[in-house]
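Enquirer: Using the hints provided, position chain B relative to the given structure of chain A.
Chains A and B supply the protein sequences, listed in that same order. Residues in the first sequence are numbered from 1 upward in steps of one, following the UniProt record's numbering. Residues in the second sequence are numbered from 1 upward in steps of one, following the UniProt record's numbering.
I should point out that these hints are in silico values taken from the structure, not numbers from a laboratory. Wrong hints could be hidden among the right ones.
List time: in silico SDA-like cross-link candidates among lysine to any residue, alpha-carbon distance up to 25 Å [to be verified]:
id	chain 1	residue 1	chain 2	residue 2
1	B	Lys-158	A	Lys-213
2	B	Lys-158	B	Cys-144
3	A	Lys-418	A	Thr-322
4	A	Lys-418	B	Cys-134
5	A	Lys-418	B	Asp-125
6	B	Lys-104	A	Asp-280
7	B	Lys-143	A	Thr-171
8	B	Lys-158	A	Asp-280
9	A	Lys-418	B	Arg-103
10	A	Lys-381	A	Asp-280
11	A	Lys-213	B	Asp-49
12	A	Lys-381	B	Ala-192
13	A	Lys-213	B	Ala-50
14	A	Lys-402	B	Phe-75
15	A	Lys-174	B	Met-176
16	B	Lys-150	A	Ser-200
17	B	Lys-140	B	Ala-192
18	A	Lys-402	A	Thr-171
19	B	Lys-158	B	Glu-139
20	B	Lys-143	B	Pro-57
21	A	Lys-381	A	Gly-288
22	A	Lys-405	B	Ala-194
23	B	Lys-162	A	Asn-388
24	A	Lys-402	B	Met-161
25	A	Lys-213	B	Lys-136
26	B	Lys-141	B	Phe-75
27	A	Lys-402	A	Asn-388
28	A	Lys-419	B	Lys-141
29	A	Lys-418	A	Cys-397
30	A	Lys-418	B	Ala-159
31	B	Lys-136	B	Asp-125
32	A	Lys-405	B	Phe-75
33	B	Lys-104	B	Ser-56
34	A	Lys-419	A	Phe-370
35	A	Lys-174	B	Tyr-169
From chain B, some residues computed to sit far from chain A (all C-beta separations above 12 Å) [unchecked claim]:
id	residue
36	Glu-51
37	Pro-57
38	Cys-68
39	Glu-69
40	Ser-72
Virtual Cβ for every residue (Gly too), placed ideally from N, Cα, C.
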Amino acid sequence: MKAELRGNTSVSLQNPTLFNNTLHSPLSGALNGCLGSLDGACLEKLLLHCASALETNDVTLAQQVMWVLNNVASSVGDPNQRLASWFLRALISRASRVCPTAMNFNGSSTIPRRLMSVTELAGYVDLIPWHRFGFCASNSAILNAIQGFPRVHILDFSITHCMQWPTLIDTLAKRPEGPPSLRITVPSSRPPVPPLLNVSTEEVGLRLGNFAKFRDVPFEFRVFDNSSSQSTLGEVVKCKESPSFHFESLLTHLDPSTLNLRDDEALVINCQHWLRYLSDEQHGSPHGASLRDTFLDIIKGLNPQIIVVVDEDSDLSASSLTSRITTCFNYLWIPFDALETFLPKESCQRMEYESDIGHKIENIISFEGFQRIERLESGVKLCQRMINSGWVSIPFCEETVKEVKDLLDEHASGWGMKKEEDMLVLTWKGHNSVFATAWIPNGLED
Amino acid sequence: MVELENSSPMAVSTASGEDGISSSGCQTQNPPIPPLKKKRNLPGMPDPDAEVIALSPKTLMATNRFVCEICSKGFQRDQNLQLHRRGHNLPWKLRQRTSKEIRKRVYVCPEPSCVHHNPSRALGDLTGIKKHFCRKHGEKKWKCERCSKKYAVQSDWKAHMKTCGTREYKCDCGTMFARRDSFITHRAFCDALAEESAKARTLVISGSEGNVSANANVNVNANVAVAVGVASPPQPPLTPSTTVVSPDLSIQSSELPENPIGLSVSAATIACLTTTAATTLGSSSSNTSVFASIFAPSTATTSFSNVMSALSSSDSPTATTTTTHPQLSTLEPTSLSLSSTSLFLSNNGTSSLFPPQNQDHRHFIPVSPLPAMSATALLQKAAQMGAASSNASLLRGFGLSTSSSSVQDGTGNATQWNGHVIKTESTDGLGLGLPSDMMMGQSSLFGSQPMTRDLLGLGIGGGNGGGGSNSGNPTGGLSALLNSFAAGGFDVASYGGGDHSSPNDTWDGAPKDKNPMS
Numbered sequence: 001m002k003a004e005l006r007g008n009t010s011v012s013l014q015n016p017t018l019f020n021n022t023l024h025s026p027l028s029g030a031l032n033g034c035l036g037s038l039d040g041a042c043l044e045k046l047l048l049h050c051a052s053a054l055e056t057n058d059v060t061l062a063q064q065v066m067w068v069l070n071n072v073a074s075s076v077g078d079p080n081q082r083l084a085s086w087f088l089r090a091l092i093s094r095a096s097r098v099c100p101t102a103m104n105f106n107g108s109s110t111i112p113r114r115l116m117s118v119t120e121l122a123g124y125v126d127l128i129p130w131h132r133f134g135f136c137a138s139n140s141a142i143l144n145a146i147q148g149f150p151r152v153h154i155l156d157f158s159i160t161h162c163m164q165w166p167t168l169i170d171t172l173a174k175r176p177e178g179p180p181s182l183r184i185t186v187p188s189s190r191p192p193v194p195p196l197l198n199v200s201t202e203e204v205g206l207r208l209g210n211f212a213k214f215r216d217v218p219f220e221f222r223v224f225d226n227s228s229s230q231s232t233l234g235e236v237v238k239c240k241e242s243p244s245f246h247f248e249s250l251l252t253h254l255d256p257s258t259l260n261l262r263d264d265e266a267l268v269i270n271c272q273h274w275l276r277y278l279s280d281e282q283h284g285s286p287h288g289a290s291l292r293d294t295f296l297d298i299i300k301g302l303n304p305q306i307i308v309v310v311d312e313d314s315d316l317s318a319s320s321l322t323s324r325i326t327t328c329f330n331y332l333w334i335p336f337d338a339l340e341t342f343l344p345k346e347s348c349q350r351m352e353y354e355s356d357i358g359h360k361i362e363n364i365i366s367f368e369g370f371q372r373i374e375r376l377e378s379g380v381k382l383c384q385r386m387i388n389s390g391w392v393s394i395p396f397c398e399e400t401v402k403e404v405k406d407l408l409d410e411h412a413s414g415w416g417m418k419k420e421e422d423m424l425v426l427t428w429k430g431h432n433s434v435f436a437t438a439w440i441p442n443g444l445e446d
Numbered sequence: 001m002v003e004l005e006n007s008s009p010m011a012v013s014t015a016s017g018e019d020g021i022s023s024s025g026c027q028t029q030n031p032p033i034p035p036l037k038k039k040r041n042l043p044g045m046p047d048p049d050a051e052v053i054a055l056s057p058k059t060l061m062a063t064n065r066f067v068c069e070i071c072s073k074g075f076q077r078d079q080n081l082q083l084h085r086r087g088h089n090l091p092w093k094l095r096q097r098t099s100k101e102i103r104k105r106v107y108v109c110p111e112p113s114c115v116h117h118n119p120s121r122a123l124g125d126l127t128g129i130k131k132h133f134c135r136k137h138g139e140k141k142w143k144c145e146r147c148s149k150k151y152a153v154q155s156d157w158k159a160h161m162k163t164c165g166t167r168e169y170k171c172d173c174g175t176m177f178a179r180r181d182s183f184i185t186h187r188a189f190c191d192a193l194a195e196e197s198a199k200a201r202t203l204v205i206s207g208s209e210g211n212v213s214a215n216a217n218v219n220v221n222a223n224v225a226v227a228v229g230v231a232s233p234p235q236p237p238l239t240p241s242t243t244v245v246s247p248d249l250s251i252q253s254s255e256l257p258e259n260p261i262g263l264s265v266s267a268a269t270i271a272c273l274t275t276t277a278a279t280t281l282g283s284s285s286s287n288t289s290v291f292a293s294i295f296a297p298s299t300a301t302t303s304f305s306n307v308m309s310a311l312s313s314s315d316s317p318t319a320t321t322t323t324t325h326p327q328l329s330t331l332e333p334t335s336l337s338l339s340s341t342s343l344f345l346s347n348n349g350t351s352s353l354f355p356p357q358n359q360d361h362r363h364f365i366p367v368s369p370l371p372a373m374s375a376t377a378l379l380q381k382a383a384q385m386g387a388a389s390s391n392a393s394l395l396r397g398f399g400l401s402t403s404s405s406s407v408q409d410g411t412g413n414a415t416q417w418n419g420h421v422i423k424t425e426s427t428d429g430l431g432l433g434l435p436s437d438m439m440m441g442q443s444s445l446f447g448s449q450p451m452t453r454d455l456l457g458l459g460i461g462g463g464n465g466g467g468g469s470n471s472g473n474p475t476g477g478l479s480a481l482l483n484s485f486a487a488g489g490f491d492v493a494s495y496g497g498g499d500h501s502s503p504n505d506t507w508d509g510a511p512k513d514k515n516p517m518s
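Pulled out of the complex, with its shape left as it was, chain A reads as follows (with noise of 0.2 Å):
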């Protein structure tokens, strides 16, 4: 086979005008400028081809393409070729897929996760600072915004299931004037996102109220129903079925006395990779909001001392497919890239977290409608948004900055930090990963 290979090229070298014939096949188009190597420019030209392909039902095409990227992707490869595996894997989904209906949104996702136990999931998040950034200048500014409040209460918005606590609950402990009262409460439902748990929000909650109590500090933790039967709909809906419903039934529920707010706590809202599951398209609702700037008006009408609010900095919410594949592609090789520097190609560590983000990628890319679930939002744009809702933003102190710095220096040196106005942006070699920011409501400033 290579020295048929060889002899093609010397055959069509010694003519190479003979071969330039006008019938262009598809896949010359996709394949044009990746001769020899296959980097990550075209990886992402054959996604996008292959995307293309199925945008125009070009399936032939759209085979060609597949095939040879299966050649070239792999999960166990280089980070481009891990990461083309995955957005592969998404394409072949969205390939596959019916008309996405609301009945099997359920059963869509292709990638088998495996639950974690509590401990795993304590070192899934310090694997890289994707979280642990967030969980650091938040509850670092949050510690800011309570002081001399003799209690505190944390409404809890996360996909990482409480484990930015222990760290808070463990500062809060060494308080000169002694802690606080803490109450943390969180919904009953989250978005159905990796990572994933082997043990129920209840059981977490007893662990770190054992934490606390270990380490002396008043606790309480609530899970607050939100999956309500009594819906709006005017029947009983099951509301795993679908995102959007279980966040509706969500906007419900946050009212003063179903929280059990009480007058004398400090409220924080704490919003970790949360806000971009909720709707940001405008619903039929009056003024046109969206879910997402619902839930930011109900917010600052229970009149927190503070909200963080920390999320990935990409806008990924475009409904052209193709724009999203560009997109993810180059935002997404951060976190592989990151991996790589520290891990084994054979990690299984290291191929959870991957197929986490793959479980990521394939909503991204192979859902449409509600089921696309992740709407990530950058820094940017959320900050205008924040601001058209009425809250004003506060920068986090030079003490903040210096414990995120700390902590960025025990990771791998691509890591680091850089302030945008008022908020802090996780980079990795230079480009943005993860921004965090806090604000109060507009009129609270003294």
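Expert: For chain B alone, coordinates are given in the frame of chain A:
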């Protein structure tokens, strides 16, 4: 627009130098360019106005790139050069930097196979790209005495020396941590604490996890322990000989899992994942099996597989990285699944959850993603494949069978793709391997493409995915493709060094044009 420029040392030094761009370690706020507010780049999109600078390795690593034009003294940093120039008592005009409009500069890695060779992954500062180049493609000259970690960049080594062995946190369960926050988080949820406070809670996982980690050897971290615990109930337990693999072993190509082990463990792990998947939020079991089968090793020996294995034997590179091998063998589809042999064999060789520094376990050998298979080669194989196999089924080769794939909506008639309703037919004309009820009747649906068009677009009629023997057709689509490739020349050099015709439309930051055919 993005340009590629090979700067000589002199050119760089006379141009506006590095104006205080901080190191890659931590970037502080960029000073706004007066009078404009600093334009923030779209995440993921390179700054279209940025000047992409590609330095050769020699230039990159040259220590004294900044040269004083007056006395030719060389400096490592531009700041130092500027400081030095002041001492020459230059007239005011010359004291200014050579006025060139301040343009953001980004740097690409000279190593062609590197991900940072690509302009969209360029790094924003020179020190960063230098360090990267050293770390990734350089020799590790610096070694920690205490723990024998090696570093290519001296500052990395220094940073490591500061923390090595200084802080270690140990949980009651025996796990060690290098960082306090990891330790605290773990501790809060660890069973050791639960047991210590004598709360009576019986959890299946907690029991086994506690036992396993207590008995664990240094090399087995908690993840592996629990993974084995999870894996064992539904499947025959993985024997110790197949579970514990040291990092060194897993690297050497000769010791990669062979077929039997690979297949058996993969089967076990797929099944395990399937079982677990049933309990996850995401998957229904039928769905899982469909897609497990896409990526599962196909036990049936199709001509596709034969070609693939022929490929691997003939094109196998002599040395280089190991991961290319499984791709080219019949295990290739396996590699796309989560169930490679070593899925449950994770083993960093460290007992702490996180090594404090950027740690390369081995010397990264720069190699293109698939050294033996250029894009052209892939297409050629595709052509031969299409010719050889009578049931040319691209994705069937992936192990995805048409008949068994059942997608969510079981109603054969109502399947849709982009909203079209397709009639079901019994024959699988294209053999795409996707749900048969979806792919049938494509001739009516997909317009101009004849139903019997074979998978590789050779335009050959007749029969079941008939690749036929017409691969020699010079005007066939695939041949044309190969020829157009040939016309472009076999430039094995990287994308960066190769033709520049496409970069403009790829990297100018504009959303991709949907129509690839121009």
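Enquirer: Now, for every hint given, state plainly whether the structure supports it.
Expert: Hints, verified against the model:
no.	hint	in the structure
1	B:Lys-158 / A:Lys-213	violated, 40 Å
2	B:Lys-158 / B:Cys-144	holds, 9 Å
3	A:Lys-418 / A:Thr-322	violated, 30 Å
4	A:Lys-418 / B:Cys-134	holds, 24 Å
5	A:Lys-418 / B:Asp-125	holds, 14 Å
6	B:Lys-104 / A:Asp-280	violated, 33 Å
7	B:Lys-143 / A:Thr-171	violated, 36 Å
8	B:Lys-158 / A:Asp-280	violated, 47 Å
9	A:Lys-418 / B:Arg-103	holds, 20 Å
10	A:Lys-381 / A:Asp-280	holds, 11 Å
11	A:Lys-213 / B:Asp-49	violated, 56 Å
12	A:Lys-381 / B:Ala-192	violated, 44 Å
13	A:Lys-213 / B:Ala-50	violated, 54 Å
14	A:Lys-402 / B:Phe-75	violated, 31 Å
15	A:Lys-174 / B:Met-176	holds, 23 Å
16	B:Lys-150 / A:Ser-200	violated, 42 Å
17	B:Lys-140 / B:Ala-192	violated, 40 Å
18	A:Lys-402 / A:Thr-171	holds, 16 Å
19	B:Lys-158 / B:Glu-139	holds, 16 Å
20	B:Lys-143 / B:Pro-57	holds, 23 Å
21	A:Lys-381 / A:Gly-288	holds, 18 Å
22	A:Lys-405 / B:Ala-194	violated, 33 Å
23	B:Lys-162 / A:Asn-388	violated, 46 Å
24	A:Lys-402 / B:Met-161	holds, 21 Å
25	A:Lys-213 / B:Lys-136	violated, 46 Å
26	B:Lys-141 / B:Phe-75	holds, 23 Å
27	A:Lys-402 / A:Asn-388	violated, 30 Å
28	A:Lys-419 / B:Lys-141	violated, 34 Å
29	A:Lys-418 / A:Cys-397	holds, 13 Å
30	A:Lys-418 / B:Ala-159	holds, 20 Å
31	B:Lys-136 / B:Asp-125	holds, 16 Å
32	A:Lys-405 / B:Phe-75	violated, 29 Å
33	B:Lys-104 / B:Ser-56	holds, 20 Å
34	A:Lys-419 / A:Phe-370	violated, 33 Å
35	A:Lys-174 / B:Tyr-169	holds, 18 Å
36	Glu-51	holds, 15 Å
37	Pro-57	holds, 18 Å
38	Cys-68	holds, 29 Å
39	Glu-69	holds, 30 Å
40	Ser-72	holds, 32 Å
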